[in-house]
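Student: Given chain A, work out where chain B should sit, using these hints.
There are 2 protein chains.
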Amino acid sequence: MNKLAIMDIGSNSIKMILVDYRRDKSFRIIDELKETVRLGEGMHKNSYLKEDRIQKALQTLTLFKNLCDAVEVDEIIAVATAAVREAANQQKFLDRVYKQTGLEIRVLAGKEEAYYDYKGVVNSFDLDSGLIMDVGGGSVELVLMEDRMVKKSVSLPFGALTITEKFELYDENNRDKDIKKHLHQEFSKLEWLKNLKNIPLIGVGGTIRNIAKIWQRKNNYSLEILHYYNLNAENVNSVYKKVSKKSIEERKEIPGLSSKRADIFIGASGLVNYLMDFTGIENLIISGKGIREGLVYDFLLNDKLPVADVLDYSIKNLLHNFDLNEKHAARVNELNKNIFYQLESEFSFAFDEFPDRISRIIKTAALLHDVGTNINYYDHHEHSFYVILNADLYGLTHRELLLAAYISASHRHNKYSLHKYNLNRKSFKDIISRKGNDKELIRKSGIILEISESLDLNRKGLVQRVEVESKVDHILFKVYSSYDLRLEIEDAMEAADGFESLFGKELKFKLLDV
Amino acid sequence: MNKLAIMDIGSNSIKMILVDYRRDKSFRIIDELKETVRLGEGMHKNSYLKEDRIQKALQTLTLFKNLCDAVEVDEIIAVATAAVREAANQQKFLDRVYKQTGLEIRVLAGKEEAYYDYKGVVNSFDLDSGLIMDVGGGSVELVLMEDRMVKKSVSLPFGALTITEKFELYDENNRDKDIKKHLHQEFSKLEWLKNLKNIPLIGVGGTIRNIAKIWQRKNNYSLEILHYYNLNAENVNSVYKKVSKKSIEERKEIPGLSSKRADIFIGASGLVNYLMDFTGIENLIISGKGIREGLVYDFLLNDKLPVADVLDYSIKNLLHNFDLNEKHAARVNELNKNIFYQLESEFSFAFDEFPDRISRIIKTAALLHDVGTNINYYDHHEHSFYVILNADLYGLTHRELLLAAYISASHRHNKYSLHKYNLNRKSFKDIISRKGNDKELIRKSGIILEISESLDLNRKGLVQRVEVESKVDHILFKVYSSYDLRLEIEDAMEAADGFESLFGKELKFKLLDV
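So the sequence lines, in the order shown, correspond to chains A and B.
For the first sequence, my numbering gives the first residue as 1, with consecutive numbering after it.
For the second sequence, my numbering gives the first residue as 1, with consecutive numbering after it.
If you're looking for bench data, these hints aren't it; they were derived computationally from the structure.
Wrong hints could be hidden among the right ones.
Copies of the same chain look alike in the list, so a pair counts if it fits in one copy or across any two.
[To be verified] Computed cross-link-like contacts, DSS-like style, restricted to lysine-lysine with a CA-CA straight-line distance of at most 25 angstroms: (1) K510 x K34; (2) K3 x K460; (3) K316 x K3; (4) K194 x K25; (5) K15 x K327; (6) K505 x K327; (7) K152 x K304.
From a predicted model like this one, the values you see are computed outputs, not experimental measurements.
Here chain A stands alone, though its shape is the one from the complex (with noise of 0.2 angstroms):
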């Protein structure tokens, strides 16, 4: 295991994060710090950094490089954005933290800060297509990805602090038709920004996670996960429009809404509102991921292409993590998945005609259905429900995410009682149904993994495979082994009364030689 931090200079913040890594690449986060520097402060007037801002910046930054040492880290990567960017005085400040502290710090191009963004998005979902905005307080960065790489790239020399200042927003808004015209005009000098209609906004940094923090209060969203939640224009809308009617004095009561970020947060908003009025984007997605792990995956990965799935890699990431026995994990994903799709005609819905991508949703809920055991082995399967839902697993949607922890908690019930995490009891409503399809993959998969977690009894793999056929009154799982399985069957058949209560038809086995 070794370490590795990234330290962050920003216009109004310096950050650091130290994460655990692995050859292999896993890696997790161990520590963030943060101290409000600012940096940038009073740099519109003259371009320089301010003697007092240097002076906590290297007080900050010598806080940071003991800790380093003091954890041992192996790595230190540390850049500077907008604020050094410009600041007339950059050498000069940059040979300071360079002889007090010995940290050689990277400044970033506005391209470059854009570009570290993309790969902490890209390395973060799954997705193909979309418009990466990163709002900063003096610049936004913005991303054309497409096919997973960079389109096109560039960084807006202003951001939520200067539309703010300029258009005297710390207070009410009255001038939104101003800013309306405003932005519009900037936006419409990159040609690129028009027709990206059918692609999704994705946001990043913590301005735009206020508008879906905000959003998500308001609907008593019932999940506290911001990665990939989605909101669309509509929403961006009200939000901007509930803010811009607000004093200082009452934002700070919106539920949801930083208080730290209550001043600037009408230009934060409405810059986000108005590029999607601009570009007509319905879809904003919300990363939780920017240019911290865009460093940490430029660092880990060697070349310049994406992860190819970032589902199976966060997955990987997390049975590293937790040291769990990954080739249990790989054959009982296995048995899992071919059980399943065998037994796709037992199902009232044709799997293609579910609203989400069920292969991710069963592959994750087997692949981790013992996660769980790391809290503690007794109801492990309630903890891997737990860990599902809050380790940071990318990829997928919070209905598919949610659907595999419920699956994944429904490996080792007893009887189908299920009480904790029952449908009826903890109530998620507004993300999945407590009926209907919702609840018939949740209960059938659940009992597919069961017995294919029976299966591998052995910690061997000695199933060699495994056919199912539907009869009239019973299912039959004829499993190949050149091994005697009885006990395996034996425990698989454990859950027989569910399995027929379920697909109203008897489970039967029959074990053949190969």
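Tutor: Frame of chain A; chain B shown alone:
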């Protein structure tokens, strides 16, 4: 990391747990297997293990042994209890097992069985004294523990199944008086069972856990934890009376009662009820740990003495399993404890008047404040809440555990909005109060923990000591260090608003050279 397998060949089932352990004696259970072999079936007729049951046992042990090979277990400990112990064909059985699997089974004498029950219990409770009871099908183990050592022990030659058969309790119970008379007679043979009024009964095994589960469900108990759950004699009696009135089919419908145990549950609960009645013991404490854990501790801990402090041991276990920065945890704990006790006069109650052991609560909260980072760094305080409640922590009552979890979750709230685990949202109000001293303890300790963590921001232990002085309008933290800790103090000052609203006094720091 090494692997240990414990196999336990009982009258009803054969079980195996797989345990990862380290040289430092920390461990985690990674798998459990259970086969209902019924090796003791029919033994009351001729004391012989039946051939078909032996076959089943051989098949099961072969599977278990294969699994041990597959996951490369370093050490196997296999024991047999009542059925094999009493069998006339014991040696032949053992020989066949050895020949087929290579496993050397150790047949435990009744007193040895009781001893491992004790080992499991003493190392997972902070109790000095108690009467330990393990109810099996054909035997009951009793251990009188005094000063954490075995004072007396016995294995009684009757159990839940015996009583059920003897009094024909499969359906209803019409012979309550006979049972009482019989059991009182049996118990009175043991002189040392008299006069135990003032110690608790500590119940081991699935049967006794079932009594607790039924009672928890009936009362909608909000925590789904059995270990260290308390019932009084009246509660136990009420469960016994309730099941006594019901037929077997009706019993299967009782929430909390495993349908597999429904047949012998009148006998089982009768045993517990009449032991409490006979001894006058008022309090039953449920143990989630028994013989198998006893064997793990016996293997891991070389000396025969119990763990000195089960809370410290289980916290260390968790920190190791989660691969956390233990030095940082220890330093935050020291700072936190120190500050906390200096602020006692700022609480509206004296610490020793609080109904729980405050020192254990705040130690747990402080040492485990970062434990949730293993699930996800972001919102890790909330994950710490979940992990503290669900990991195996020993030596805390449920109230203490819940208070520790709340305090830990409070170490990183943004401006005290603590919305997820807010006392007003998630309800554990049957266990802790939403107001008064409980709330005060959680909130004030939470902010003290937040300050303590800030003071080790550098992760280097640069603070030599902290002296806290309570003034009329402010509380002064005098931080002694030979280093420049301005940033640490600035970070701690993030808690200033919250501190003031909780303590009614301003928060001030002074950095002093040592």
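Student: Which numbered hints are broken by the structure, listed smallest first?
Tutor: 4 and 6
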